[in-house]
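First to last, the sequence lines map onto chains A and B. Per our numbering, the first sequence starts with residue 1, numbered consecutively. Per our numbering, the second sequence starts with residue 1, numbered consecutively.
Quick caveat, the hints were computed from the structure, so don't treat them as lab data. These numbers come from a predicted model, not from an experiment. No false leads were slipped in.
Mimicking DSSO-like on lysine-lysine, the simulated pairs with C-alpha atoms at most 27 Å apart in a straight line are:
no. : chain 1 : residue 1 : chain 2 : residue 2
1   : A       : LYS345    : B       : LYS64
2   : A       : LYS279    : A       : LYS345
3   : B       : LYS76     : B       : LYS192
4   : B       : LYS90     : A       : LYS360
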Amino acid sequence: MASGYPPPFEGTGEVKEGFLCPLCLKDLQSFYQLQDHYEEEHSGDDRHVRGQLKNLVQKAKKAKDKLLKRDGDDRPDTGSYESFYYGGVDPYMWEPQELGATRSHVDYFKKHRAARIDHYVIEVNKLIIRLEKLTSFDRINSDAAKIRAIEKSVVSWVNDSDVPFCPDCGNKFNIRNRRHHCRLCGSIMCRRCMEFVPLPLAQKLISGTRESLCVPGSPVQSQSPPAGGGGSGMGSRRGSISSLSSVTSMLEEKDDEKIRCCHHCMDTLLKRQQKLEEKDHTPDIVKLYERLRMCMDKVDEKAPEYIRMAESLNAGENTYNLDTAGGLRLEVQKYYELIDALSKKILTLNAKDDPPPHPKAMQLQRMIRYTATLFVQEKLLGLMSLPTKEKYEELKEKRKQEQEKRLQQERLAAQETLKKRQESEKNRPPPSTNGELLQAPRAPRMTKASGWLPSADSGNSRSELQDPLLQQIENIQSFLRQAREAQRTDEVAMLEENLRQLQDAYDQQQTSLAIALSQKLAEEESLQQGEIHRLKAREREEREHWGPAVGSTQPSVTWERCLGISPTEGIQDEENTEGEELTPKADRSPSSVRAFPALTSQEESPPRLRSLGGHVTPPGGEGQNSTSLNPFEEEDSTPVEEDPSNPFFEDIQREHKEVTNGKKEYNPFDEDEDVREEKQAETAPGNPFEEEEEDSDAGNPFLEASGNSPGVSTNPFDGDDDGEVLPDVDIIEEELLLQQIDNIRAYIFDAKLSGRLDEVELLSENLRELQHTLQEQKKKKH
Amino acid sequence: MNVTLAVKQYISKMIENSGTGMKVLLMDRETTSIVSVVYTQSEILQKEVYLFERIDSQSRDNMKHLKAICFLRPTKENVEHLIQELRRPKYSVYFIYFSNVISKSEIKALAEADEQEVVAEVQEFYGDFIAVNPHLFSLNLHGVARGRSWESSMLSRCTQGLTSVLLALKKCPMIRYQLSSDMSKRLAESVKQIITKEYELFDFRKTEVPPLLLILDRSDDAITPLLNQWTYQAMVHELLGLNNNRIDLSRVPGISKDLKEVVLSAENDEFYANNLYLNFGEIGTNIKNLMEDFQKKKPKGQQKLESISDMKAFVDNYPQFKKMSGTVSKHVTVVGELSRLVSERQLMEVSEVEQELACQNDHSNAQQSVRRLLQNPRLSELDAVRLVMLYALRYERHSSNMLPALMDELSRRGVSERHRKVTTPRSLDVLWTFSGRSLDVLWTPQDIIVFLIGGATYEEALTVYNLNRSSPGVRIVLGGSSIHNTKSFLEEVMSATGQSGDRAQGSSGRHGNRR
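Next comes chain A alone, as it looks inside the complex (with noise of 0.2 Å):
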């Protein structure tokens, strides 16, 4: 689908929403007044398709903003800014912006302090040398002149004349206060201020310096000098003999086992010795954070795939194993469980601790128990859970007859291109079709027949265009809610991860669409001249039936094999056939299936409920790839129908039985006494041109009618583009088209009898549409 077409809508400046006018890009509240506005305004200019693409996308986006809103959504709580919007951006809008402006000082600060650090790594392995000359030989066996003399030797004292005052504390020298000589460096000091290194502690810096003097990494060494550490490796062995002697000098407790030192030194060695103690204790905070953390990393890893697993199997894939994804469930849960326990566990650390702990610790303990809390409440609540094995044999079974359906869809897909190739070398462009249109129907469709479970399709669905998906959309919205109400759970959880699918898919469906939107329109936007008028005139009037309810033209058909299925399925035939009323369009029209090649494996097996799952197709929007499908002509063609097996062979076969009824004698006002009865007769005539094809081609209706069929597009939402997808109709035969316009005028005679007057009005304007449509074939004609 990629092409070199540049997609329109991309590169344009900022982004606009609302309802905007294409051309002139006025803000209209809401569709129908932009509808107006631009029949009124610009019909008479030529179309301009870069800005039509761009409203679509736009509008569409708007469409699927209020649809996502939950169920009470036309509250206007941002409608009222909307009047503000003449193109500006909203500073919430505003787009990403980088990082702002940063300045580093890193280096600069580094440079300094590598000065500071040599200095200060220098000044504390001096004195841890000086400390290890003091303590390395036998003072309790040394007589006090000969340990001054050593500790003399060890460093140069200061003259006690040169200091009249001690430094610290300014006191004066004299008898009573006298001086003391700091040990390590040599300074002057009063008894007061003087500080003793005691042994032990003296011992365990000298052999902590050498370990980290083997440690990598450790600032000390990264900074000391080498000849430091050569000097305090030599000094620990002297320590380690030391360290006997002093154990036995502190039985004695002999006044030298502490040596001598000014504060500053004191405090120098101190600092030393605190991160000697830190570099090797570990807290059990941390081991307890380190798991904890690793935890959420399994989870934040497992969490995705097993949410993955969960999708697929509950869409009834054979991607993933059952039992392997219920094993990753398990652990999943073990990892919180697990997250739990080590959480609550650094929340009680040391909790009974005597004294209690710095209420700072025990606030980081609470905080990250609190974290671990709400990130458990976070992903597990969103852990969905997987089907039962009997549900998923289920699953997996309605998931077959999908791909069956897919296949029959794929087959017919290949006859019709074979068949479009044909035509396009008569020169005639490819059959566009109001193929958006069976897209919309297929999600209460496959209701119908899985019970909920659309969400095979939506894999495909990006095929589609946005307007069926976001019909669907709003159709399993209801249908949850009738489950809901129903109290269905598994239903309900289907039908929520459906439509979740869904929404993603129309996302990403957007996009591809619209490029090849573009791309088609590029191709013939020489052709489609001549058609535009016509084609907005009939997109009009398509639109206007749409208005109040999806259109079908077998209204009374669609809605009897409903009830036949809808009792087993339990849910309120209302809703049920409400959904239903969409779905004979999708038969009849066709639709484009774009290829799925993983599914060609399975074409031999035999198609099961092909007549409900043909619905399932993924219509294509682009009409390159569009082809008619048509599940009841699959029907026809396989005997499957009859197989007995088939629990809903009655209803097929009743299905197909009303449809030749209907091809018959066909009758819009066949209503029955439900209340939809004035819906249908409003869509009933929406679609003329299934009319037509039908009754042009009477052997197999279905199938030619996209062949032959009238790009019409019969969605409201889509409609601009559809007129330009579609753009080179065939032209339609008078006859037909004045068949169809007798045909309006008995529905308008109709409605006029019961009174319905909205429906009159639709229906003339469609009459006049019709009308007009003839007129310009006969000129073309001629």
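With the hints as your guide, set chain B onto chain A.
The following block gives chain B in isolation, referenced to the frame of chain A:
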């Protein structure tokens, strides 16, 4: 141009730089506000930041297993605190970020204090302002003026704040200022000076139309902050006081414990984001819808949860439900309190007269309305002062003005001396309301930063918001030295006139000129 995003990006970058592991965020008083306005606690917790500490706090304990992220303004005190911290580090490693330009000598002092080599990062991240909304920032500075000139410390703080906004948004602007205001001129010069000095920092990619920095003076429009407001955000600020997006509800009668202080952040509160610019009437409807929505979601009593599917549905909805219940009770409380105040203070009537004073030119009607309201015993002191001020601003020079009589009336009502002094408002000349008009000047598509010396208002924020939405290619950010409501504005005026009321009087001549 999104100031909220700019600060958020700075902070998440800081956290990202520090790697994994438990972290503590060390801040000062101002950076605490800067961070808390843009991030909620749970958002930050998810980034492994578990503790939030003030650099000047004495109660911090040694926690060597934590990494410290320091986000500080480059003040003398902070640098001093940091030096002390580095001398005896409490955490294993420090990542230091200053919110503005810091001098080399201070870096050097810090480097020399880092003997333990605990500092891993020293950077300037220019988040030196309070990002209230994406297009609105405040510096939370009060009393910027003395008379008609700058309070000395405030000029440099404003310059810092404004340059940090420019740096955070990567804009090197053309500066325009209000010629009539000396303060604007001084600030513009001061900003220019910084840009010249730090030209390397301001070397951003050039745009076709250079961004514009527009500096205006509050004293040109004293009316806007005196009017009662009727949009949600502005109203909350006017009636309850919005401080860093937080409201103190503790004075509300019968308030529950967890609603004493609530956060109103458009970032995390969808309802607020959708309604902050809507007017009070619309909010009433929306809050009703919110309630109904909530009630639909709410599990209806015990019997509803009996079936498994109900349980499941409940669990499915639980996080959303919980979040919603918080939102619902918060907004219901706030809106309830607003409407209580509106009726208690008869703000409808007051507002009507305000509008008459501000927009019409009918002196006799105006003075009658003011007098009538002043007779009303339910009129609050603040509203009385407000009305008389508006009257004075409007008709001060009217030949038959009733100001002395109204002042008497005020004193009879027992309005405090303090307020009455303010009400002698010769200092304030008002020509036009800011909204809409002064900003309409020159509309080429470009990025514009508007700064209001003396404080902006939420009313103006709304105007700028709408301008942003309506002008293609134009992006406007509004800033103020603070964000005013009537009360804080009166205080601002008092602090400005407190010392130099006489000088202010001289300004009335200018008024005439400009007309």
